[in-house]
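Keeping their order, the protein sequence lines are chains A and B.
Sequential numbering of the first sequence, starting at 2, is according to this note's numbering.
Sequential numbering of the second sequence, starting at 2, is according to this note's numbering.
Just so you know, these hints were derived from the structure itself, not from any lab.
Do not rely on the hints blindly, as some may be mistaken.
For identical chains, the list gives no copy identity; a pair is met inside one copy or between any two copies.
Said to hold, decoys possible - Using 30 Å as the maximum straight-line C-alpha spacing, the simulated BS3-like pairs for lysine-lysine come out as follows:
| no. | residue 1 | residue 2 |
| --- | --- | --- |
| 1 | Lys58 | Lys24 |
| 2 | Lys268 | Lys180 |
| 3 | Lys43 | Lys268 |
| 4 | Lys307 | Lys268 |
| 5 | Lys180 | Lys58 |
Protein chains: 2
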Amino acid sequence: MSEVAVVGVGQTAFTRSCGVTIKELCFEAFKEALEDCNLYPKEIEASLICSAPEYDKQRSPAGAIVEYLGLNPQPTTYVENICASGTTGVRLAYSLIKSGLHDIVAVIGFQKMSELTSREAQERMGRGADIMWDSPFGLTMPAGYALYARMHMKTYGTTEEQMAEVKVKSSKYAVLNPKAMFQREVSLEEVLTSRVISSPLKFYDCSANADGASCVILASAEKARKITDTPVWIVGIGSASEPLSMANRTSFVGLNCAVEAARQAYKMAGIEPKDVDVAEVHDCFTIAEIMAYENLGFCNPGEGGKLVQEGQTYIDGDFPVNIDGGLLGKGHPIGATGGSQVRTIVMQLRGDAGRLQVKRAEIGLVHNIGGIGLYGNVLIFRR
Amino acid sequence: MSEVAVVGVGQTAFTRSCGVTIKELCFEAFKEALEDCNLYPKEIEASLICSAPEYDKQRSPAGAIVEYLGLNPQPTTYVENICASGTTGVRLAYSLIKSGLHDIVAVIGFQKMSELTSREAQERMGRGADIMWDSPFGLTMPAGYALYARMHMKTYGTTEEQMAEVKVKSSKYAVLNPKAMFQREVSLEEVLTSRVISSPLKFYDCSANADGASCVILASAEKARKITDTPVWIVGIGSASEPLSMANRTSFVGLNCAVEAARQAYKMAGIEPKDVDVAEVHDCFTIAEIMAYENLGFCNPGEGGKLVQEGQTYIDGDFPVNIDGGLLGKGHPIGATGGSQVRTIVMQLRGDAGRLQVKRAEIGLVHNIGGIGLYGNVLIFRR
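Chain A with its partners taken away, still in its complex shape:
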């Protein structure tokens, strides 16, 4: 069976309000990805369109978007795993190619959150939690991750300062990423004194709603070698789910779905955590990045706070993580996030990351989570 590679990547700037339609937003990311690998729309054999629904008036947006991108009559499918939608698209594109059904597939992720007020967006996101027993009682996204943060603090002694360190690191790299929404370095003091959103999580512990789109183009080995001199191979894929209801969860100090997805991906790739040279993890909240370190095996359970505090996840540390600003620095346009993470890793493995380049990056990892630890995808790439 053919191996599968990423041959092209593209992304819009992530912004508070893009001022264009979702079709135009997707076009911008798609065009950049096509130019990245010198392909024409007619060469894209199928597409997967990834987002969370109910942010736009247009239903079944895949149809509207592929028409605008010139992708008819090629097949298209809308896929959704909330914030993990983008990497789910990559997983399905991989299987469409590996199965022999297609040779070149585009994964386009987008979200235009500025159509809604902040309160409306919060309500939509809340209904991604269990609507019978959880969301009606106030389990919004920040509240859900705050539960995990409290338990992590209680169990391991993790501190608010350690969580704040994650935002300090993110902001440091976001200012070097022209596509990131937040272009200002934030100090530890600023994080710690920002207003409380859901205790212990404060304003700067949270990622922000954004508008944006991303595109990842995948190809079979034969096509990839013709298209580019720098294919980036997908060598590991893991995916798992966790009960939606908080009452049915067995752990609040880590995400079971991430642990399981990582186990699958490492096994498929035949590597260990220490082999990862650069990683993008789903830091929707600062505590989420600390749990990701642990769930991915970059450190032992409970040592995540120390890992960032000691600088081990900075660009020159043992486990460079989110060296593009992460969700905290870039903004988090739900459906676009997974593709943006993949784009960063692909640029790192190509050696094209400029001032954000991690030295000797040969193996990269993407960790993308949907909902409050509901869906977990882990992808491993090799140059």
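With the hints as your guide, set chain B onto chain A.
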């Protein structure tokens, strides 16, 4: 590479109002499919959850459903191509198995349309058309298919009587299908004198909103042979899209996406239209079934009306079509429809269709359309 078979199928009755949650609805179809092939939930390695969004309060329903079905921690993904969502799920399940990522995958389609008033549902469906230029000017689903009906009448002389014949046939078989919503034979006269919905389409030319769920379990060849003595093999898959905007379409006498999907599926299966022993086609409106005959090559363009009028698509004709009542007779719970079509073909090829059994059925075809001819999927099965 492993071949892929359907090993288990299940379906709820399709009803006007089910009185249960979407989780319970899916459970009923899933349980029937599991019992059909003697599997336990833990043996299902991954699932695809198919529906159209915005009918339920629960967002990202995949998470809620797989928890209820006992499918954690296995991965799950929500997929949507409006009314073609179910067969899109089957196509992706096929690729997940064929790619080697999984061996057993469940495709669960559902819709609970009774949560909304008829007007609300119409508004939701309307926003599946282009929201900038089409739906605001009244292009609902019936209006869209009425455009095609008018052009088909003008171009080929197709008559309202011929369209009505499709409903007469459907109702005849629906009364023999205990899971169909409409359990009464309808006469030609009744169809022709029913109230106009969108001229020339009348009440009985239209399929109805419904509640329902379906489940299709697929497996690799190795697993399929262990699980069942009657695997039904997927031998052809085709999928295509058409511009969403009516202004960008090149034909109103047939669905380009169906023609293209059929071409791909026949080619992959290495068969011709005349080899099809039994078919399920997407008769969301009577004109849609007539166009399907033509787009699938069961007759020449313009001869579809005659084909049904001459009885060729009845159970003992040359091309038995919708010998379970079709969408017109069963009801059309959007996300559940594709899986229900697959279930009927699987039962036919197993020889388990009882009083609706088509003689010597060895090759079966499913034609499933999303939107107003927006997405087209064609699947070919062999016993």
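So, going through the hints one by one against the coordinates:
1. In this homomeric assembly, Lys58 and Lys24 come within 30 Å of each other (Cα to Cα) both inside a single copy, at 12 Å, and across copies, at 26 Å.
2. Proximity of Lys268 and Lys180 under a CA criterion of 30 Å is satisfied in neither setting, with 33 Å inside one chain copy and 44 Å between copies.
3. Proximity of Lys43 and Lys268 under a CA criterion of 30 Å is satisfied inter-copy only: 20 Å between copies versus 36 Å inside one chain copy.
4. Taking the shortest alpha-carbon separations for Lys307 and Lys268, only the intra-copy value of 27 Å comes in at or below 30 Å, while the best inter-copy value is 59 Å.
5. Only within a single protomer do Lys180 and Lys58 lie at most 30 Å apart by alpha-carbon distance; the minimum there is 26 Å, versus 34 Å between protomers.
Hint 2 from the earlier list is the only one contradicted by this structure; the remaining hints agree with it.
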